[in-house]
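**Student:** Sequence:
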Amino acid sequence: MNISLQPLIIIPARLGSTRLPNKPLADIMGVPMIVRVWQQAIKANIAPVLVATDSEEIVELIKQNGGNAVLTNPNHPSGSDRIYEAWQIYDKERKYNAIINVQGDMPLLDPSIISAVLAPLADKSVDIATLATLIDNQADKINPAVVKPIVAWDKTQSTGKALYFTRASAPWHDHASTEHTELYHHIGIYAYRTDILARFINLPPSRLELREKLEQLRALENNMHIEVVRVNTLPLSVDTAEQLEQVRELARKNPQATRQYY
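Position one of the sequence shown corresponds to residue 1 (the working numbering), numbered consecutively onward.
Since the hints were made in silico from the structure, they are not lab data. Just so we're clear, the structure is a prediction, and the values are computed from it rather than from any experiment. It cannot be assumed that every hint is accurate.
Pair ranges (Cβ atoms, derived) [what the hints assert, rightly or not]:
#1 Trp172 with Gly66: 16 to 24 Å
#2 Lys95 with Gly66: 18 to 26 Å
#3 Ala119 with Lys92: 25 to 33 Å
#4 Glu93 with Asp136: 29 to 37 Å
#5 Pro74 with Arg94: 24 to 32 Å
#6 Lys63 with Gln243: 40 to 48 Å
#7 Ile89 with Glu249: 33 to 41 Å
When the alpha-carbon atoms are kept at most 25 Å apart in a straight line, the in silico BS3-like pairs for lysine-lysine are as follows [to be verified]:
#8 Lys213 with Lys141
#9 Lys161 with Lys124
#10 Lys95 with Lys43
#11 Lys141 with Lys161
#12 Lys63 with Lys95
#13 Lys253 with Lys43
#14 Lys95 with Lys124
#15 Lys124 with Lys155
#16 Lys92 with Lys63
#17 Lys124 with Lys141
#18 Lys92 with Lys124
#19 Lys213 with Lys161
#20 Lys43 with Lys63
We treat Cβ as the ideally placed atom computed from N, Cα and C, and that holds for glycine.
All chains, please: the whole structure from these sequences, using the hints.
**Tutor:** Now the structure itself:
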């Protein structure tokens with residue numbers, strides 16, 4: 001059964017990054033990173049955009065640029081908890097029945113993939129939706145920092161039900177190496193129905209979640225249906241100073257750049 005969606009995009013932004021302090025405020029061609037992400041989310045043109053942060057400075061910055069932001073508890077254990085609190089604060093009348101969680105460290109985000117992640121929620125059997133793209137290099141196939149979804153793809157290979165997420169090179173193949181195997185790179189953008197988000201953040205961390213350090217495994221261990229949509233672009237996430245310089249270089253070469261193709 002299909003349902004009508006009233007979505008809200010929420011971007012969590014936390015100043016206390018251990019690997020890259022004050023990351024949301026990092027300058028990229030004269031524009032703070034969080035403002036660039038907010039601008040890309042606005043361009044999706046499918047929902048209002050809200051920034052959820054632990055910083056009054058970020059709240060003021062977004063408001064100065066004409067956006068909406070709310071101050072949330074600085075001690076949240078995850079972005080999911082932060083977006084849940086932000087939704088509770090912002091949506092007093094409960095107008096919205098779907099939340100899209102856009103990561104605050106993807107300044108070259110292609111707005112079209114925000115629409116892509118929302119689409120599966122029209123099917124009421126889907127609880128959560130997320131994205132993946134084909135890995136095209138050996139280094140990422142064996143890199144534990146690159147999360148691989150194991151998906152029961154449909155016949156078109158464009159969408160499918162998530163069976164597992166792992167940091168290992170999986171699913172296994174009988175080739176001597178992973179060089180010629182088809183593996184996918186998970187993109188950490190999510191869409192939730194609001195009732196599912198409320199249920200999810202009130203569940204305790206699960207065993208596999210703690211082992212793999214992957215929050216989405218909590219949903220799978222509690223029998224939630226995560227639908228994965230295949231896209232053809234991988235947003236470059238900024239977690240280190242080296243990645244920040246890479247984004248800056250891409251922005252310098254092409255000020256209109258919104259994505260990194262794979």
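**Student:** Taking the hints in turn, state whether each one holds.
**Tutor:** Do the hints match the structure? See the list:
1. Trp172 with Gly66: 16 to 24 Å: 50 Å, violated
2. Lys95 with Gly66: 18 to 26 Å: 21 Å, holds
3. Ala119 with Lys92: 25 to 33 Å: Holds, at about 27 Å.
4. Glu93 with Asp136: 29 to 37 Å: Given about 45 Å between the Cβ atoms, the range is violated.
5. Pro74 with Arg94: 24 to 32 Å: 26 Å, holds
6. Lys63 with Gln243: 40 to 48 Å: Given a distance of about 28 Å, which is not inside 40 to 48 Å, the answer is violated.
7. Ile89 with Glu249: 33 to 41 Å: Given about 37 Å between the Cβ atoms, the range holds.
8. Lys213 with Lys141: Status holds; Cα separation ~18 Å.
9. Lys161 with Lys124: Satisfied, since the Cα-Cα distance of roughly 14 Å is no more than 25 Å.
10. Lys95 with Lys43: Cα-Cα ~21 Å, so holds.
11. Lys141 with Lys161: 21 Å, holds
12. Lys63 with Lys95: Distance ~22 Å between lysine 63 and lysine 95 Cα, so the pair holds.
13. Lys253 with Lys43: OK: lysine 253 and lysine 43 at ~21 Å, within 25 Å.
14. Lys95 with Lys124: Roughly 18 Å between the alpha carbons, so the hint for lysine 95 and lysine 124 holds.
15. Lys124 with Lys155: 21 Å, holds
16. Lys92 with Lys63: 20 Å, holds
17. Lys124 with Lys141: 33 Å, violated
18. Lys92 with Lys124: Holds, at about 24 Å.
19. Lys213 with Lys161: 21 Å, holds
20. Lys43 with Lys63: 17 Å, holds
Comparing the model with each numbered hint stated earlier shows that hints 1, 4, 6 and 17 do not hold.
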